[in-house]
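Undergrad: Spelled out, the chains give:
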Amino acid sequence: GENVEQHPSTLSVQEGDSAVIKCTYSDSASNYFPWYKQELGKGPQLIIDIRSNVGEKKDQRIAVTLNKTAKHFSLHITETQPEDSAVYFCAASTGNNNDMRFGAGTRLTVKP
Amino acid sequence: NAGVTQTPKFQVLKTGQSMTLQCAQDMNHNSMYWYRQDPGMGLRLIYYSASEGTTDKGEVPNGYNVSRLNKREFSLRLESAAPSQTSVYFCASSGQGSNTEAFFGQGTRLTVV
Numbered sequence: 023g024e025n026v027e028q029h030p031s032t033l034s035v036q037e038g039d040s041a042v043i044k045c046t047y048s049d050s051a052s053n054y055f056p057w058y059k060q061e062l063g064k065g066p067q068l069i070i071d072i073r074s075n076v077g078e079k080k081d082q083r084i085a086v087t088l089n090k091t092a093k094h095f096s097l098h099i100t101e102t103q104p105e106d107s108a109v110y111f112c113a114a115s116t117g118n119n120n121d122m123r124f125g126a127g128t129r130l131t132v133k134p
Numbered sequence: 133n134a135g136v137t138q139t140p141k142f143q144v145l146k147t148g149q150s151m152t153l154q155c156a157q158d159m160n161h162n163s164m165y166w167y168r169q170d171p172g173m174g175l176r177l178i179y180y181s182a183s184e185g186t187t188d189k190g191e192v193p194n195g196y197n198v199s200r201l202n203k204r205e206f207s208l209r210l211e212s213a214a215p216s217q218t219s220v221y222f223c224a225s226s227g228q229g230s231n232t233e234a235f236f237g238q239g240t241r242l243t244v245v
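Chains as they are written, first to last, in the numbering used here: chain D, 23 to 134; chain S, 133 to 245.
Rather than coming from a laboratory, the hints here were simulated on the basis of the structure. Mixed in with the good hints, there may be bad ones.
What the hints assert, rightly or not - Reference excerpt, derived from the structure (chain D facing chain S, CB under 10 angstroms, subset only):
#1 K64
#2 Q67
#3 F124
#4 A126
Backbone N, C-alpha and C define an ideal beta-carbon position, used for all residues, glycine too.
Could you build all of it, start to finish, from the sequences and the hints given here?
TA: Set out below in structure tokens:
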């Protein structure tokens, strides 16, 4: 089955700096890679996703890149703000949510 | 919009006790899921229901049962709770088709002593 590894487990940056979180996956059949943000006391919320026919996707300060050959994908947050502080999860699936596998999560802290 | 609603938010059980976690969604989604979240392990799928009347095992189904009561509601039951089931449980739902966004509830923090 799919195995998703996520690094780093914790990340601390100064407000205004960039943050990068990296994930690798094992199943070459995976074709959907969402990223979720989980704020304290809340459930995960989708912030951006990418499909295997696309190498990069941007949404304002957030971007995701995918390298299918190397089986890794990354989340990039630019101009970080304190409200970006949360736990971020990457995930990979072959197209069905029932086979989606999550990374262990990255706790991002943005210091004012 | 309420989205996905879970009850209770917190629960403490003694080993061997039973309980049911409730989940309801108001987005008319076909698919519903139960996950557990443990430190350093991300979210792991316990059971899912692709449509009303069907349920299937996920990665970690042992010790749990589920019921898809109707299209809105999907419950998770622990028949005889064990300390290893101490976790945060999340219910989620998604619409029809592949690669559709999953919407999560706020979670239930369960402690088994």
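Undergrad: Just to be careful: measuring from the Cβ of Q67/D to every Cβ in chain S, is the smallest value less than 10 angstroms?
TA: With a minimum Cβ separation of about 7 angstroms from chain S (threshold 10 angstroms), the hint on Q67/D holds.
Undergrad: Please verify that hint: K64/D, Cβ, nearest Cβ of chain S, below 10 angstroms or not.
TA: 6 angstroms, holds
Undergrad: Does A126/D pass the interface check with chain S, least Cβ-Cβ distance below 10 angstroms?
TA: 5 angstroms, holds
Undergrad: Is the interface hint satisfied for F124/D? The criterion is a beta-carbon contact with chain S at less than 10 angstroms.
TA: Since chain S brings a Cβ to about 4 angstroms from F124/D, closer than 10 angstroms, the hint holds.
When held up to the earlier numbered hints, the structure conflicts with none and fits them all.
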